[in-house]
Each structure stands twice: as structure tokens, then as C-alpha cells.
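All chains should be built: construct the whole structure from the sequences, respecting the hints.
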Amino acid sequence: MILPDRFILYRREFITDKAKWQKIPCDTQGDNIDPHKPQHWMTYAEAQRHATWDENKPSAPYGVGFVLNGDGWWFHDLDNCLGKDGQWEPWAEAAFLSFKGALGEISTSGNGLHILGRCDPKQLADRKRKWGKSQGQEQEWYHDKRFVALSKAGLTVIGGGDYVDKDWTDQLLKIVPQRDHIGELAEEIDPAYTGPEDDDQLIAMMLRSRSAKNAFGAGVSLKNLWEADTEALAQKYPAFDGNGGFDHSSADAALMTHLAFWTGRDMPRMDRLFRRSALMRDKYEKRADYRRNTIQNAARRCEKVYDRAPRNVSSLDQCHADMGHDDLAHHIFAQRWAGNMLYVPERNRWAGWNGKRWQLAKDPNEQITRLRQDLREVPGAEDPSKRKRLGDNKNIMAVNALMKTNEGAARSIKDWDTDPFLLGTPTKIVDLHTGEVRPRTSSDYLLCSSRFDPAEKGSIPLNWISFLRTITGGDDALVDFLQRLCGYAATGSTKEHKLFFAFGTGRNGKSTLLNTLDAVLSDDYARVIPPKLLLDKKTDQHSTDLAHLANARFARASELPVGKVWDEGLLKQITGGDQITARLMRQDNFTFKPQCTLIVDANNAPSIRGIDEAFRRRMCVIPFNVTITEQQVDPDLPDKLLAEGPAITRWIIEGAAKWNKDGLCIPPCVKAATADYLDQEDTFGAFLNEHFEDDPNGVVLNAELHQKFKNYMESLGLPPWGAASISKEMKKRGYESFKSGSSRGFRGISARKSSQLAVLP
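Numbered per the numbering used here, the sequence shown spans residues 90 to 850.
Hints in this document: simulated from the structure, not taken from any laboratory. We put the CB at the ideal spot given by N, CA and C, even for glycine. Please note that the accuracy of each hint is not assured.
Derived lysine-lysine pairs resembling DSBU-like cross-links, with alpha carbons at most 30 angstroms apart [unchecked claim]:
1) K173 - K241
2) K146 - K828
3) K760 - K653
4) K517 - K126
5) K126 - K747
6) K828 - K682
7) K821 - K729
8) K445 - K255
9) K661 - K219
10) K797 - K817
11) K503 - K211
12) K842 - K797
13) K817 - K653
14) K234 - K747
15) K241 - K820
16) K109 - K222
17) K126 - K375
18) K828 - K817
19) K661 - K747
20) K493 - K621
21) K820 - K621
22) K817 - K584
23) K747 - K189
24) K821 - K797
25) K817 - K517
26) K682 - K493
27) K750 - K760
28) K211 - K445
29) K820 - K842
30) K255 - K211
31) K372 - K219
32) K173 - K109
Cβ pair distances, simulated, as ranges [as the list claims (entries may be wrong)]:
33) T670 - N382: 35 to 45 angstroms
34) R706 - S804: 28 to 38 angstroms
35) D565 - D768: 21 to 31 angstroms
36) E545 - L262: 23 to 33 angstroms
37) N693 - E793: 47 to 57 angstroms
38) R527 - V715: 32 to 42 angstroms
39) W180 - S826: 27 to 37 angstroms
40) G547 - S804: 58 to 68 angstroms
Okay, here's the thing in C-alpha cells:
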């Protein structure tokens with residue numbers, strides 16, 4: 090299965106008054122679940138194992154569903170499009186086939202078609218979710234906060250052939266109609282409003298606001314409303330039917346009141362943001378009058394809007410040397426630091442805006458030097474005794490400690506560089522969707538910067554291209570793949586969910602390639618991580634190693650030790666974008682979502698404890714089979730390549746645009762190298778294939794399974810596995826465990842019968 094591991098189970102319940110089946114997310118026991126909580130997600134194989142597909146068991150898990158969570162995967166439903174003659178309606182067939190290479194299926198009802206693929210949701214923010222019913226062309230389109238009930242037959246590639254990992258945004262823009270305007274909504278923004286213009290930045294700021302809960306006396310937090318927390322909302326806005334839910338209209342009005350405050354009563358923006366919340370529902374989409382009234386009423390009731398300006402303070406000449414630490418910290422921050430200095434708690438550093446870019450202090454003492462100078466300029470500091478007091482180290486440290494507590498002084502590391510498709514360069518910002526370049530602004534809140542500004546469009550790094558052709562043996566498809574990979578590594582996206590393993594013997598160019606990428610992206614975006622971090626270990630690693638991945642886009646590990654095993658759980662966390670909790674030395678823990686492309690280069694390959702479908706999808710082996718002779722080695726090549734830094738930066742940007750449009754386009758040599766590596770390393774799979782065979786009526790007892798595998802591992806000179814690891818691996822591969830009396834084992838498998846030689850009479 091190509092989709093990420095966000096599969097759930099659903100059961101079916103017949104709704105009599107609507108004469109239709111309702112699909113309800115459930116766990117393996119058939120109990121209701123929230124499909125959007127990651128603890129309920131599973132692999133496709135695991136979900137298939139528990140799905141009964143039995144219409145006579147309505148309380149049991151019936152089928153498999155896939156959860157959309159806003160990461161770019163979308164779902165298009167063409168409903169009731171099977172004609173009475175058993176043929177698909179022409180409009181539906183045309184729409185379906187326009188997505189050749191994406192995933193598709195016939196719906197569970199048998200009367201509709203489903204399409205799944207990847208897109209950029211931001212570009213489709215103004216598009217409808219439902220349309221065409223009145224014209225007999227009923228369609229729906231979603232990308233977030235929904236789950237898709239898949240059919241028993243499962244997804245296949247539309248048009249046949251291989252799945253095309255492509256961004257389908259352009260095609261969706263042609264098919265999905267724009268939303269109707271919601272009426273005469275004023276677009277004027279309250280002049281007192283000073284919030285960010287970027288929606289993602291505003292949402293992040295809203296949700297981390299401590300004052301949001303009490304701002305309007307709602308009794309529920311903005312986060313409760315934004316996420317449609319049923320338990321919290323039911324206490325404040327109980328549903329009139331008494332069934333334990335919440336009154337949606339009251340919750341809509343409450344959230345819209347918050348949005349009026351946070352947007353400066355910008356009604357089109359209120360509408361746009363509401364659609365991204367979990368409260369979004371069909372009524373809001375279909376009822377233009379309800380939508381308009383909810384927005385206008387909230388805007389009318391809103392008496393003040395968000396203003397991030399600091400508290401009114403007297404001018405600096407009213408600040409005086411006799412002030413206490415708190416007043417000094419407040420006055421100096423408000424007058425001298427506000428707007429161009431922000432404290433980053435996880436780094437224990439201040440970031441400063443120098444007129445061209447935000448830059449994190451290289452040393453925690455940089456702000457001490459600045460503060461010392463500001464204290465010297467406080468009126469009255471010319472008095473020797475007061476100057477001595479203000480310059481005292483204890484006094485400076487006390488004021489410094491209070492500076493970071495000022496309102497608006499701190500910005501968490503997770504709130505910088507939040508747009509994965511904006512690349513900072515020394516003086517510019519690049520949109521990696523399109524390659525367009527613009528000047529930096531302070532409101533972008535980008536801390537990171539590549540080493541070079543990009544060269545003009547059309548610039549060609551000749552030495553770099555020649556080098557790539559040499560190390561790939563002139564394989565144009567591999568060169569194109571490497572450009573797309575480097576472009577993908579410049580983004581903060583983890584959509585591919587892959588570990589890239591550059592593999593080959595020495596002197597093959599892979600180190601020079603990755604060293605150059607590292608240098609061009611700079612330490613701001615690139616991180617070198619210790620190889621041991623990625624390998625299985627008996628004790629947990631210090632989370633400092635993990636903490637350095639925060640805000641990284643390209644993470645690299647080199648030269649893995651011989652005879653080690655991948656830490657598959659950690660690889661899944663890093664490449665899958667799962668939340669990680671870590672801390673820097675002597676700092677507090679913090680949680681972040683990795684947004685880095687992980688590339689490992691080595692001359693030897695670690696073993697894999699267990700290869701399941703998910704790990705096969707995750708691994709991507711890049712072969713470096715060309716050996717550079719001693720006579721071909723150019724000791725000045727690294728310097729020549731860095732001299733082309735601006736042109737290489739442009740080449741990387743073009744690679745990102747290619748990846749956005751068509752995906753990685755993995756070439757045959759990479760597919761073959763990956764398959765060879767996985768086949769060689771699948772020790773458990775080779776064991777099962779040699780000693781057992783799939784048998785729907787067969788069983789194997791644990792005692793036999795464990796003993797045979799122990800003998801097999803000993804024959805290879807490898808350490809044995811524990812019983813728990815073997816059991817886990819069997820379940821990963823879809824075998825069902827059973828217990829009967831004192832016997833335990835697995836169904837669906839039986840021991841191979843030894844072949845008998847024919848004996849002549």
C-alpha cells in the first residue's frame with residue numbers, strides 16, 4: 090500500500106430514516122473511536138487482518154478506512170455515477186481517467202468511484218467540498234479531517250501500470266469549482282490590527298495563546314473549538330437532543346467570535362480560517378445565509394482586535410537609573426528591543442532582525458553585551474554610583490532574566506520557519522513550489538538561511554553537472570532523480586516517508602555530492618547526525634542528538650559501523666514526521682515534528698531486523714557503482730563546486746519545483762538496488778520462505794516456529810531473536826495468532842513438506 094500508515098477500521102450501521110448505511114470508525118473490538126487520533130492508526134495489513142467484510146456482523150469491524158489529516162493526500166468521490174445500463178456516466182469516466190497514475194477504486198456501494206492522490210491543499214483553499222448534485226453529477230473533495238471508507242477490492246492504479254507519485258494540484262484546479270462568494274462581506278481590516286498576514290502563522294499564534302480561553306468568557310479554549318473537542322464542547326454547549334454531543338451552531342458562533350478578534354474583523358479571512366477548523370461541516374458549506382450571518386454577527390460583536398504592540402510606556406528619558414529590575418526590563422524591551430528582538434527558549438538565545446533577516450545569536454552572551462550598553466544609556470546612569478549599580482553583573486543578569494518574560498518577547502523554535510516550502514537565503518526568500526524569489530520581511534519569521542542567494546534563472550553549474558554525470562555513469566534518469574531529491578531535501582516536507590541510503594564502495598563521489606549539498610544548504614538547514622543514532626541499541630540515546638533535528642531540512646549520517654541493525658522505530662519517527670520529544674544539554678524538553686529528509690551514505694549496509702510492507706516503502710537505496718580512478722581525482726573539485734554555489738542553489742530550487750510537479754520519479758536502477766538490498770536483508774522472510782508456506786487451513790505452533798528459526802539463525806552465525814520479536818514479526822506479515830488450551834501459534838501457514846526422491850523398485 091502506497092498510502093502512509095493512517096488506516097483504521099469501520100463498522101456499518103443502517104440508518105432507517107435515511108435508508109442508508111452509516112460508516113462508523115471503530116477499533117478491533119467494534120467500539121467507536123476518534124479516527125483523527127494517531128493512537129488508533131495502523132498499517133494496511135493490520136487493518137485488513139481485523140476487517141470482517143461481513144454484512145451480517147454489524148457490530149464487528151467491517152472494513153478498512155484511510156484518514157486524511159491535511160498533509161497533502163486528497164480524496165475525490167464521484168457518487169451515484171453508474172448508469173442503469175451498468176455503464177459509468179461519461180462525465181464520471183472522464184473525470185476518473187483524467188487522474189491516470191493516481192489511486193482509484195469502485196466505492197463500497199458499487200455505484201461510485203473514488204480517487205486518491207497528493208496535492209498542495211493551500212492552492213485549493215477556495216474550492217468547494219461538494220458540488221454537482223443538482224446537475225446529476227454528485228461529487229465531493231476532501232483533504233483533511235475526514236476518513237475514506239475503502240472497498241473490499243482495494244485501491245488500484247488508475248489506467249494500470251505503476252503508481253505515479255505526482256502533485257495533482259493543477260488537475261484538481263480544473264475540476265473542483267471555486268466556492269460561491271458569501272455575499273457582501275466587508276474586506277476592510279480594523280486599523281488597530283497588527284497580527285500576521287500569513288494564515289499558518291496566525292493559526293499557530295492563536296492556538297498557543299494562553300489568554301484565548303478567557304478572552305470572551307466562553308469557558309472552553311480556542312483549541313477546544315478549533316479541534317471540535319466533543320467532550321469539552323458538550324459541557325459548555327450541550328446538544329438539545331440530550332445524546333451527549335454538542336450544539337454545533339453555538340460552537341460555530343464561539344469560534345467565529347475568536348476569529349473576529351484574531352483577524353481584525355476581516356470577514357473573508359474569518360471564513361477561510363473557519364473552513365480549516367474541525368468544526369467545518371456540510372451545513373456551513375451549503376447554507377450561505379447561515380455562513381454569512383455567523384460571520385457578520387461575530388464581526389459586529391467584536392469590540393477589540395488583536396494588537397501585538399507593547400504596553401504603552403513612557404519615553405526612554407522617563408526611564409531612570411533608580412528603577413527596579415522589572416521596570417528596567419520592561420522599559421528597555423519596549424523601547425529598544427520590541428519588534429527586532431525575540432527570545433527562543435529552546436535555544437536560550439535571542440534572535441535579532443538586522444533589517445535583512447532574522448539571525449539567532451551565536452552565543453548566549455551576545456544579548457548581555459547589548460543589554461549592558463542599553464543600561465549605560467539609561468538617564469541617570471552618568472552618576473558614578475548608579476552607573477556602578479547598573480553595570481554590576483548580578484544586576485545585569487537579573488534584568489536579562491526578566492527581559493525574556495515581557496509580553497511578546499518569546500517565540501518558540503517550532504514557530505519559526507513554519508512553511509516547509511519557503512527557503513531562506515542570505516537576502517531572499519524562495520517559494521519552492523514555483524521557484525519565485527522575493528525579499529525577506531520580518532513577518533516571515535525565518536531564522537534559517539542557505540549559504541548562497543540563487544543565481545538567475547537559466548544559470549547552469551557546469552562543473553556540478555559534469556560531476557553528476559561522471560558519478561552516475563551518464564545515467565540521465567539518475568541525475569534527474571538526484572536533482573529532485575536535493576530539491577525535496579531543501580523543503581521541510583516529509584511526504585515521501587523515505588530513508589535514502591546512498592550505498593557503494595569508496596571513491597564513488599557520494600561523499601562529495603552530499604558534502605556539497607550540506608555546504609550549500611548551510612548549518613541552518615543541514616545537520617550531520619551521529620550514525621549510532623540510527624542504529625538499534627540496548628539503551629536509549631541522549632535526546633540531545635534528536636534535538637538537533639528541530640528545524641533541520643536535510644539530515645545526514647555517514648560511515649555506519651559494520652554488523653549493526655537499523656533502529657526501525659526511530660527511522661519511522663524521523664521519516665514519517667511523527668512528534669519527537671527531546672532536549673538540548675541542560676535545557677528543558679520540547680516537542681517538535683521532524684521535517685527533514687534523511688540521507689545516509691555508507692560503504693556497508695546495516696541489517697534489518699524485520700522487513701514489513703511499511704519498511705519496504707520507506708527504504709530507498711541509491712547505488713553509487715562508478716569508481717573514480719586515482720588519475721580522475723581532482724583535489725580542487727570541492728572548491729570548484731562551491732564557487733558554483735549560487736548556480737547549484739538555483740539547480741536545487743528547480744529540483745524542488747520538479748518534485749512538486751511529478752514527485753521523485755525513482756529510476757529503474759534505484760528500484761533494483763532497493764529490491765536487492767531488501768531481499769538480501771529480509772532474514773525472517775527468507776526463513777519463512779524456506780521452511781513454511783502459506784496455507785489458509787494450516788497452523789504452526791510457536792514451539793516449532795521458534796526452534797526452527799533459532800537453528801536457522803545459528804546456521805547464519807547470527808544471534809537468535811526473542812519470542813516477542815518473532816510474534817510481532819509474524820503479525821506484521823498478516824498471520825493471525827491463536828491460543829487453544831496450552832497450545833499457541835499462528836494460522837494461515839504450515840511447514841513445507843520435505844521433497845521425497847523417487848525410489849526405483
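Hint by hint, here is what the structure shows:
1. K173 - K241: Holds, at roughly 23 angstroms.
2. K146 - K828: 23 angstroms, holds
3. K760 - K653: OK: K760 and K653 at ~24 angstroms, within 30 angstroms.
4. K517 - K126: Given pair K517, K126 is violated - Cα atoms ~38 angstroms apart, limit 30 angstroms.
5. K126 - K747: 33 angstroms, violated
6. K828 - K682: The given pair, whose Cα atoms are some 40 angstroms apart, is violated under the 30 angstroms limit.
7. K821 - K729: 49 angstroms, violated
8. K445 - K255: With a Cα-Cα distance of about 36 angstroms, the restraint between K445 and K255 is violated, given a limit of 30 angstroms.
9. K661 - K219: 35 angstroms, violated
10. K797 - K817: 17 angstroms, holds
11. K503 - K211: 20 angstroms, holds
12. K842 - K797: This hinted pair holds, its Cα atoms lying about 14 angstroms apart.
13. K817 - K653: With a Cα-Cα distance of about 20 angstroms, the restraint between K817 and K653 holds, given a limit of 30 angstroms.
14. K234 - K747: Distance ~28 angstroms between K234 and K747 Cα, so the pair holds.
15. K241 - K820: 20 angstroms, holds
16. K109 - K222: 18 angstroms, holds
17. K126 - K375: Holds, because 28 angstroms separates the two Cα atoms, which is no more than 30 angstroms.
18. K828 - K817: 15 angstroms, holds
19. K661 - K747: It holds: about 26 angstroms lies between the C-alpha atoms, which stays within 30 angstroms.
20. K493 - K621: Not OK: K493 and K621 at ~36 angstroms, beyond 30 angstroms, violated.
21. K820 - K621: Holds. K820 to K621 sits at ~28 angstroms (cutoff 30 angstroms).
22. K817 - K584: Holds, at about 27 angstroms.
23. K747 - K189: 19 angstroms, holds
24. K821 - K797: Holds: K821 and K797 sit about 19 angstroms apart, inside 30 angstroms.
25. K817 - K517: 50 angstroms, violated
26. K682 - K493: Within the cut-off at roughly 25 angstroms; holds.
27. K750 - K760: 21 angstroms, holds
28. K211 - K445: Satisfied, since the Cα-Cα distance of roughly 27 angstroms is no more than 30 angstroms.
29. K820 - K842: 23 angstroms, holds
30. K255 - K211: 16 angstroms, holds
31. K372 - K219: It holds: about 11 angstroms lies between the C-alpha atoms, which stays within 30 angstroms.
32. K173 - K109: 20 angstroms, holds
33. T670 - N382: 35 to 45 angstroms: Because 44 angstroms falls inside the window, the suggested range holds.
34. R706 - S804: 28 to 38 angstroms: With Cβ atoms ~30 angstroms apart, the hint holds.
35. D565 - D768: 21 to 31 angstroms: 27 angstroms, holds
36. E545 - L262: 23 to 33 angstroms: 29 angstroms, holds
37. N693 - E793: 47 to 57 angstroms: 34 angstroms, violated
38. R527 - V715: 32 to 42 angstroms: This hint holds: roughly 40 angstroms between Cβ atoms.
39. W180 - S826: 27 to 37 angstroms: 48 angstroms, violated
40. G547 - S804: 58 to 68 angstroms: Given about 60 angstroms between the Cβ atoms, the range holds.
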